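S.K.: If you want the building blocks of each chain, they are given just below.
There are 2 protein chains.
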Amino acid sequence: MLAVLTGGTGGAKLIQGLSHEVDPAELTLICNTGDDFVLHGLYVSPDIDTIMYSLAGISDEAKGWGVRGDTFAALEQFGKYGCETWFKLGDKDLATHITRTRLLRDGFTLADVTDQLRRRLGVRATIVPMSNDRVETRVQTFKGEISFQEYFVKERWQPDVRGIYYAGIESCRPAPGTIEAIERAFAVIICPSNPVTSIGPILATPGIRKALVETEASVIGVSPIIGQSAISGPAHNLMAAMGTEPSAAGIAGSYADFVDVFLIDRQDESLKTEIEALGITVMATSIRMNSLSDKRRLAREVMALVAK
Amino acid sequence: MLAVLTGGTGGAKLIQGLSHEVDPAELTLICNTGDDFVLHGLYVSPDIDTIMYSLAGISDEAKGWGVRGDTFAALEQFGKYGCETWFKLGDKDLATHITRTRLLRDGFTLADVTDQLRRRLGVRATIVPMSNDRVETRVQTFKGEISFQEYFVKERWQPDVRGIYYAGIESCRPAPGTIEAIERAFAVIICPSNPVTSIGPILATPGIRKALVETEASVIGVSPIIGQSAISGPAHNLMAAMGTEPSAAGIAGSYADFVDVFLIDRQDESLKTEIEALGITVMATSIRMNSLSDKRRLAREVMALVAK
Numbered sequence: 001m002l003a004v005l006t007g008g009t010g011g012a013k014l015i016q017g018l019s020h021e022v023d024p025a026e027l028t029l030i031c032n033t034g035d036d037f038v039l040h041g042l043y044v045s046p047d048i049d050t051i052m053y054s055l056a057g058i059s060d061e062a063k064g065w066g067v068r069g070d071t072f073a074a075l076e077q078f079g080k081y082g083c084e085t086w087f088k089l090g091d092k093d094l095a096t097h098i099t100r101t102r103l104l105r106d107g108f109t110l111a112d113v114t115d116q117l118r119r120r121l122g123v124r125a126t127i128v129p130m131s132n133d134r135v136e137t138r139v140q141t142f143k144g145e146i147s148f149q150e151y152f153v154k155e156r157w158q159p160d161v162r163g164i165y166y167a168g169i170e171s172c173r174p175a176p177g178t179i180e181a182i183e184r185a186f187a188v189i190i191c192p193s194n195p196v197t198s199i200g201p202i203l204a205t206p207g208i209r210k211a212l213v214e215t216e217a218s219v220i221g222v223s224p225i226i227g228q229s230a231i232s233g234p235a236h237n238l239m240a241a242m243g244t245e246p247s248a249a250g251i252a253g254s255y256a257d258f259v260d261v262f263l264i265d266r267q268d269e270s271l272k273t274e275i276e277a278l279g280i281t282v283m284a285t286s287i288r289m290n291s292l293s294d295k296r297r298l299a300r301e302v303m304a305l306v307a308k
Numbered sequence: 001m002l003a004v005l006t007g008g009t010g011g012a013k014l015i016q017g018l019s020h021e022v023d024p025a026e027l028t029l030i031c032n033t034g035d036d037f038v039l040h041g042l043y044v045s046p047d048i049d050t051i052m053y054s055l056a057g058i059s060d061e062a063k064g065w066g067v068r069g070d071t072f073a074a075l076e077q078f079g080k081y082g083c084e085t086w087f088k089l090g091d092k093d094l095a096t097h098i099t100r101t102r103l104l105r106d107g108f109t110l111a112d113v114t115d116q117l118r119r120r121l122g123v124r125a126t127i128v129p130m131s132n133d134r135v136e137t138r139v140q141t142f143k144g145e146i147s148f149q150e151y152f153v154k155e156r157w158q159p160d161v162r163g164i165y166y167a168g169i170e171s172c173r174p175a176p177g178t179i180e181a182i183e184r185a186f187a188v189i190i191c192p193s194n195p196v197t198s199i200g201p202i203l204a205t206p207g208i209r210k211a212l213v214e215t216e217a218s219v220i221g222v223s224p225i226i227g228q229s230a231i232s233g234p235a236h237n238l239m240a241a242m243g244t245e246p247s248a249a250g251i252a253g254s255y256a257d258f259v260d261v262f263l264i265d266r267q268d269e270s271l272k273t274e275i276e277a278l279g280i281t282v283m284a285t286s287i288r289m290n291s292l293s294d295k296r297r298l299a300r301e302v303m304a305l306v307a308k
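As they're listed, the protein sequences go chains A and B. In this text, residue positions in the first sequence follow my numbering: the first is 1, and each later residue adds one. In this text, residue positions in the second sequence follow my numbering: the first is 1, and each later residue adds one.
There's no promise every hint is true.
Treat identical chains as interchangeable: a pair holds within one or across any two.
What the hints assert, rightly or not - In silico DMTMM-like pairs for lysine to aspartate or glutamate, Cα to Cα no more than 20 Å straight-line:
| no. | residue 1 | residue 2 |
| --- | --- | --- |
| 1 | Lys88 | Glu76 |
| 2 | Lys80 | Asp115 |
| 3 | Lys80 | Asp112 |
| 4 | Lys308 | Glu180 |
| 5 | Lys308 | Glu150 |
| 6 | Lys210 | Glu76 |
| 7 | Lys80 | Asp60 |
| 8 | Lys308 | Asp23 |
| 9 | Lys308 | Glu170 |
| 10 | Lys63 | Asp265 |
| 11 | Lys63 | Asp294 |
| 12 | Lys88 | Asp60 |
| 13 | Lys272 | Asp257 |
Honestly, the hints are just simulated from the structure, not real lab data. Computed from a predicted model, the values in this text were never measured in an experiment.
Between the sequences and the hints, there should be enough to build the whole structure, so can you do that?
M.R.: Structure, rendered in structure tokens:
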């Protein structure tokens, strides 16, 4: 069994590759839920959905979110009612949020609901939220505090960031199966996801970082950054705001207590010595995943390290 | 000011005609909410929506429900999640139910929400639910009890009906503005809607029938039945099940305590004497409304009676 810590976009790419290289039933995907938010009274779980749609083969890979070929008729009507329209909820996508919201109200946990939905879509990998409790990544800008989706989607990550915190993190409990998956895995993979807003909340979920430090499994991380910039999204800006050097070395440093092997891009080969000094084995390869063959190749390289 | 009691389909046709013949701002439309139900956790109010969409000029008149040109992408996705799909919620239509549900959860009343939505769609007529409290028309069949929408849409009104009742009707209060509209109107119009499941719940809402009996306004009803059959829907079956003769005369009889004038179809002219014996003035005309010009003509005939 493999345990995988993931956010949305970058994680979805590596996981798609992994699902072709190993039996998906062997994968337990521990998803960030710090980006979750309520819109139009519906509970939206962007990272879980991106991973689920991706493994179901229905994700819009060009956009990096939502369902391929989705329509936006409801969104247009929301506009007529004066509702917020900055978050582009597609019509098929809405059915997911409506169904999730109904099941949560019926008393199911987020983990239960996630499991029901992914099974219905034919996804064989286990998808678990980091927690069933509500955690919300809050972004402190110089103009006030906003949710991560407001920062990322509404404000297109333009505002300067003073700080970030995960509201509710101290009192949340890890979802059933998360700690166990890390303890029992023969390898744990840290996806090339935003270290501050995707992997960060998972690591801060009580018990998870400790399980990563203590597990006998080898823990393999993949950098989401090449040079000084994230392959996608605002990871570098947020790392800088949090006082971490925005580079593969900065990330490796913040994972140094639990990561055994770290994959960086060949372009960053000069960082190898610095990262190895942290006691981490470094492998330099091509970490960009533009095509399915890129995703599969990187997944194979990760699996080759696992086999060692 | 005109007060109008209405259900969905038939009522929407006459109201559309009225909205062309009088200033819509003069109309207070008191809508049945006995058909309201919760689907996918969303509060659906079929009669209010039919009236609202119709007056907003966006109703699908060919189907008799929903928004013209709506798509059904979410419905397809609901099917993939194993959710109920017998009630054909369109994508634009979903935005209405989602917004209504959110506002109700935020503490607004159904009347508040209805008013907000109809204004957003540019509807100048006032639309009020009969009550802000939950009333549910229950249909007792020989195979068990179901909601009206299950009977009407899911079962296509095929089951034999033993009885009907309005759950919650005794303890519900009329929505603010309903009684006042009837008291202050210079005429009240009872639309050609199902007397059992559309007009029936409105009349049973505490205080409304009394206001109709006591109002000095002339009360003008239009039959939804020609011969032994409703122009659309199961009114005749339901009337028979309730022990009322399924005919214009049967309806007039059940409205006799408050109706002053009753419009029947020319085909039913033979019923004139029987209805007049109840103290009701009868006018025979063509009550079918297949085109906008039919709707306007019938509306003009109603308004001519009001003017008398």
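S.K.: Next step is simple, just say for each hint if it's right about the structure.
M.R.: Evaluation of the provided hints:
1. In this assembly of identical chains, Lys88 and Glu76 lie within 20 Å of each other by CA distance both inside one copy and across copies; the values are 10 Å within and 19 Å between.
2. Proximity of Lys80 and Asp115 under a CA criterion of 20 Å is satisfied inter-copy only: 14 Å between copies versus 35 Å inside one chain copy.
3. Taking CA atoms no more than 20 Å apart as the test, Lys80 paired with Asp112 passes between copies only; the shortest distance there is 17 Å, against 35 Å inside one copy.
4. Within a single copy, Lys308 and Glu180 get their C-alpha atoms no closer than 23 Å, and across copies no closer than 81 Å, so neither meets the 20 Å cut-off.
5. Within a single copy, Lys308 and Glu150 get their C-alpha atoms no closer than 42 Å, and across copies no closer than 60 Å, so neither meets the 20 Å cut-off.
6. Taking the shortest alpha-carbon separations for Lys210 and Glu76, neither the intra-copy value of 46 Å nor the inter-copy value of 43 Å comes in at or below 20 Å.
7. Only between protomers do Lys80 and Asp60 lie at most 20 Å apart by alpha-carbon distance; the minimum there is 18 Å, versus 26 Å within a single protomer.
8. For the homomeric pair Lys308 and Asp23, the shortest alpha-carbon distance inside one copy (19 Å) is at most 20 Å, but the shortest distance between copies (81 Å) is not.
9. Taking CA atoms no more than 20 Å apart as the test, Lys308 paired with Glu170 passes in neither setting, with 36 Å inside one copy and 74 Å between copies.
10. Proximity of Lys63 to Asp265 under the C-alpha cut-off of 20 Å is found in neither arrangement, the shortest distances being 24 Å within a copy and 58 Å between copies.
11. Proximity of Lys63 to Asp294 under the C-alpha cut-off of 20 Å is restricted to the intra-copy arrangement: shortest distance 18 Å within a copy versus 49 Å between copies.
12. Taking the shortest alpha-carbon separations for Lys88 and Asp60, only the intra-copy value of 13 Å comes in at or below 20 Å, while the best inter-copy value is 26 Å.
13. With identical chains, the CA atoms of Lys272 and Asp257 are at most 20 Å apart within one copy only, with a shortest distance of 17 Å there and 92 Å across copies.
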